[in-house]
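Protein chains in written order, with this note's numbering: chain Y, 1 to 153; chain V, 1001 to 1499.
Calculated directly from the structure, the hints in this document are not laboratory data. Incorrect hints may appear among the rest.
Derived contacts from chain V toward chain Y, CB cut-off under 8 Å, selection only [claimed, not checked]: (1) Phe1194; (2) Val1198; (3) Ala1224.
What the simulated footprint calls covered on chain V by chain Y, stretch by stretch (three residues with Cβ under 8 Å from a Cβ of chain Y suffice, anywhere in the stretch; the number is not a length) [unchecked claim]: (4) 1003–1014; (5) 1253–1261; (6) 1452–1459.
Even glycine gets a Cβ: it sits at the ideal position worked out from N, Cα and C.
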Amino acid sequence: MPPTSAALTTDRAGGGALALLALGVLWESRVLPLGSWREPGPGAVPVGLALVALAFGVALVVRGGSAPPLGGVGWSEAPRALVVVAALVFLALAFERLGYRLSVFVTVLFLVAAVERRPPLAALIYAAGISWGSFFLFSTLLKVPLPRGPFGL
Amino acid sequence: MAETLQNLALGFGVALQPAMLFYAFAGCVIGTLVGVLPGVGPLAGISLLLPATFGLDATRAIVLLAGIYYGAMYGGSTTSILMRIPGEAASVMTCIDGYAMARKGRAGAALAIAAVGSFVAGTLSVVALMLLAPPLANLALRFGPPEYFALLLLGLLVLAYMSGGSMLKALAMAALGLLLGMVGIDQMSGYFRFAYGVVELGDGLGVVPLAVGLFGIAEVLLTAGQATPPAVLKPRLRELFPSRQEWRESVAPIGRGTVLGFLIGIIPGSAHIISSFVSYAVERRLSRRPEEFGHGAVAGVAGPESANNAATSGAFVPMLALGVPSGPIPAVMLAAMMVHGVSPGPLLIQQSPALFWGFIASMYVGNVMLLVLNLPMVGLFVNVLRVPYGFLYPAIIVFCVLGVYAVNGSVVDVWIAIVMGVLGWILRKLDFETAPIVLGAILAPMVEMSLRQSLAMSDGHYAIFLTRPIAAGLLAAGALLLLLSFRSWIPFADKGVDA
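For reference, chain Y alone in the conformation it holds in the complex (with noise of 0.2 Å):
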């Protein structure tokens, strides 16, 4: 079916959420002096570019009813994407806590073994290999600084 002009569209969604933090950009601003025409201070800049940004998302509403409908969008990994944003937020929260190479080993062992099903031993390896491999190569040889956790792991 070909997109209608009020249609939801995808110019449209994203326009209107630029537009949205323009205004949450603008509301935020409040706190910060806006200076003189002639001598803006710290908030005056980030008003303008809100102003600029609130135009373009507006126009992006406006003019965007050409644009494939949002419906039409395919999400179809959108459930493994989900599921790696999730072992994501578990090694954010894990990285410093468990250390680097608990945390990697633990995020990667999950995505191989349980969420890409492969067999447990490959997987376990696989983990091992990365976490302690990765480890060796950057923290013992480049000297980058990684985080350690329970027995100096």
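Model the placement of chain V on the given structure of chain Y, informed by the hints.
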């Protein structure tokens, strides 16, 4: 000219040191791998490897990172030709005729033409970079805050104009990037802006978390659940030599691709991607047999591959001479130089001649290395793709997080990268480009600083941007671009342009 040769000799003295050769070689190998692997483009590759350069001196670090950049340009062609998978975005055009040549049994010839074209373009464009950067730097010494403000604004407009899709969408993304660049301490007043008590945000959103999130993590999210890549067409070694006819057909496209690529590289935008598209279009237009394009035309491989390599060198011109990045990749390189205490800009050539000329000379060396490396080792690099994606992407995720964390040793940067990854995934699904966001965020503090300095200079008179000829000229060029892009919005103007 004699002075240039003298400086080049100084550069080769630096670049041919054993340690420097090692880092150039390492950069080329890693870059080729980055180019071969779909989803890990040169931007993500450089961002990920940036922390690994912290222990090196500035020259070695830049030689390594530049090697990754142009190595990725070479590597991207391999998977395009043998598997019809572009290792990185600039190789998309090579997929069309490169893969068609491979299916006709000319995979080896296509790889050789791509490698030789890349070598010729890479080498010639380094000569152009060498000749153009110093005079441009001299000109830039006359730039004050108003000129820089106008240049940065023009850069963003050109990026949006060249993005290929809708200029309105590209400008909207640049505006989003500029807003993101406002996070952190205001450099002139010391005010914390949009930091919400998170001390780590005082320095703003870092380039690396932004780039890794929007490009590396977003790519993994987009390709989540992807099956193992398709079979690889294997070239035989004796097939690596193109026929005399194929050489003849590739000479002119390589020459044209070099010139086009270098010129487009200087212009802000995703130059290496645009250059390969433009080169393909030009070759098709000029061809006596355009119907061959899409079915294994030699010019369809030679032109785009030369163009994207020449664009790599072209992109270094504004970065080295003006200190202004022309796209996200030079921006990360610029950040890398600053991490190492080097300020790119007009004074770089005078203050750090060994670094500048050593870097130029290492690009010559790197191009030779890549030519030698690429052809015999094609099979080895392609084998990396035999690793099932289910094993590959968890490792990419780990390297993304590692790379982001290592820059400042801060988990806040990891959170920023995750948020940017999700944002990049959604925006790509909605068909919005993410490159303008990165460039906008990087340029935002420069834009603000140059605007406010200009006003301080002029006692608050905005006319300063119009009374200084260079600034006025740059702003006029920007206004012209806007007019060209949005002329379809003007009543009674020509219709048919979708802004």
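Quick rundown of the hints versus the structure:
1. Phe1194: holds, 6 Å
2. Val1198: Cβ of Val1198 of chain V sits 14 Å from chain Y, so the hint is violated.
3. Ala1224: holds, 4 Å
4. 1003–1014: Check failed, 0 qualifying residues.
5. 1253–1261: With 0 residues closer than 8 Å to chain Y, the stretch 1253–1261 of chain V misses the three-residue bar; violated.
6. 1452–1459: holds (count 4)
Violated hints, in rising order: 2, 4 and 5; the structure is consistent with all others.
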